[in-house]
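Asks: Construct the entire structure; sequences and hints are all you get.
Here the protein sequences line up with chains F and Y, keeping their order.
Read in order, the letters of the first sequence are residues 274 to 383 in my numbering.
Read in order, the letters of the second sequence are residues 9 to 124 in my numbering.
In short, the hints are calculated from the structure, not lab data.
Please note that a few of the clues may not be correct.
What the hints assert, rightly or not - Per the computed footprint, the stretches of chain Y lying under chain F, defined by three or more beta-carbons under 8 Å from a beta-carbon of chain F, are:
1. 22-36
2. 54-64
To be verified - Calculated cross-link-like contacts (lysine-lysine; reagent style DSS-like; alpha-carbon spacing at most 25 Å):
3. F:K315 <-> Y:K79
4. Y:K79 <-> Y:K22
5. Y:K65 <-> Y:K79
6. F:K378 <-> F:K315
7. F:K382 <-> F:K275
8. F:K275 <-> Y:K22
9. F:K315 <-> F:K382
10. F:K378 <-> F:K275
11. F:K315 <-> Y:K22
A virtual CB, placed ideally from N, CA and C, is assigned to each residue, including glycine.
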Amino acid sequence: QKEVEQNSGPLSVPEGAIASLNCTYSDRGSQSFFWYRQYSGKSPELIMSIYSNGDKEDGRFTAQLNKASQYVSLLIRDSQPSDSATYLCAVMRSNYQLIWGAGTKLIIKP
Amino acid sequence: DTGVSQNPRHKITKRGQNVTFRCDPISEHNRLYWYRQTLGQGPEFLTYFQNEAQLEKSRLLSDRFSAERPKGSFSTLEIQRTEQGDSAMYLCASSRPRGQGWNEQYFGPGTRLTVT
Chain F
274 QKEVEQNSGP LSVPEGAIAS LNCTYSDRGS QSFFWYRQYS GKSPELIMSI
324 YSNGDKEDGR FTAQLNKASQ YVSLLIRDSQ PSDSATYLCA VMRSNYQLIW
374 GAGTKLIIKP
Chain Y
9 DTGVSQNPRH KITKRGQNVT FRCDPISEHN RLYWYRQTLG QGPEFLTYFQ
59 NEAQLEKSRL LSDRFSAERP KGSFSTLEIQ RTEQGDSAMY LCASSRPRGQ
109 GWNEQYFGPG TRLTVT
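Replies: Printed below as a string of structure tokens:
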């Protein structure tokens with residue numbers, strides 16, 4: 274079992290709809306969780322960080338964390354074609370090392 | 009803030025040659041990380057510095073890889089006797105020492121290495 278798991282996709286969502294991306298992790302001691310967006314050929318770009326159970330909203334993005342279920346999700350509202358990218362979930366170990374999922378490819382269809 | 013910068017952006021080398029990459033972190037960031045990413049995978053941790061001290065090094069990092077951060081500012085990653093399996097994107101990230109978002113890592117544009 275991988276430490277951080279994501280559905281590889283592709284996930285296809287119509288423009289204007291809500292895109293829902295999911296991630297599970299295995300280390301119960303993890304305290305910091307991150308979502309990055311990566312366009313093809315580019316480096317990861319930080320979108321959201323979340324540390325406490327519940328929801329955290331930033332513009333069109335909402336991160337959700339459930340430590341009991343070891344589950345992190347990212348919701349993108351009013352999806353735009355420019356949101357088409359690979360979304361990477363990262364979980365921080367106690368030594369500040371990020372452990373990454375393989376990413377979910379998101380396609381927003383106009 | 010100027011972002012994290014990396015040089016060169018692309019490097020093509022022949023198998024067996026040595027290569028060196030440079031990373032300049034965001035100026036007030038004291039932590040610096042190196043990752044490697046291959047197609048279709050998430051980044052893979054290589055090593056981590058806090059100021060000039062190298063605090064963590066992945067077991068996956070062979071003796072052919074070495075990293076330095078001599079004055080706690082920029083860092084270099086050297087790969088000796090390159091192999092075709094070293095072909096990847098090499099990513100550098102940095103994070104601030106304290107305050108809001110203190111452990112958020114910000115990435116540079118990466119150095120794409122191709123070993124022929």
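Asks: Output the indices of the hints that this structure fails to meet, ascending.
Replies: Per hint list: 1, 3, 4, 7 and 8 violated.
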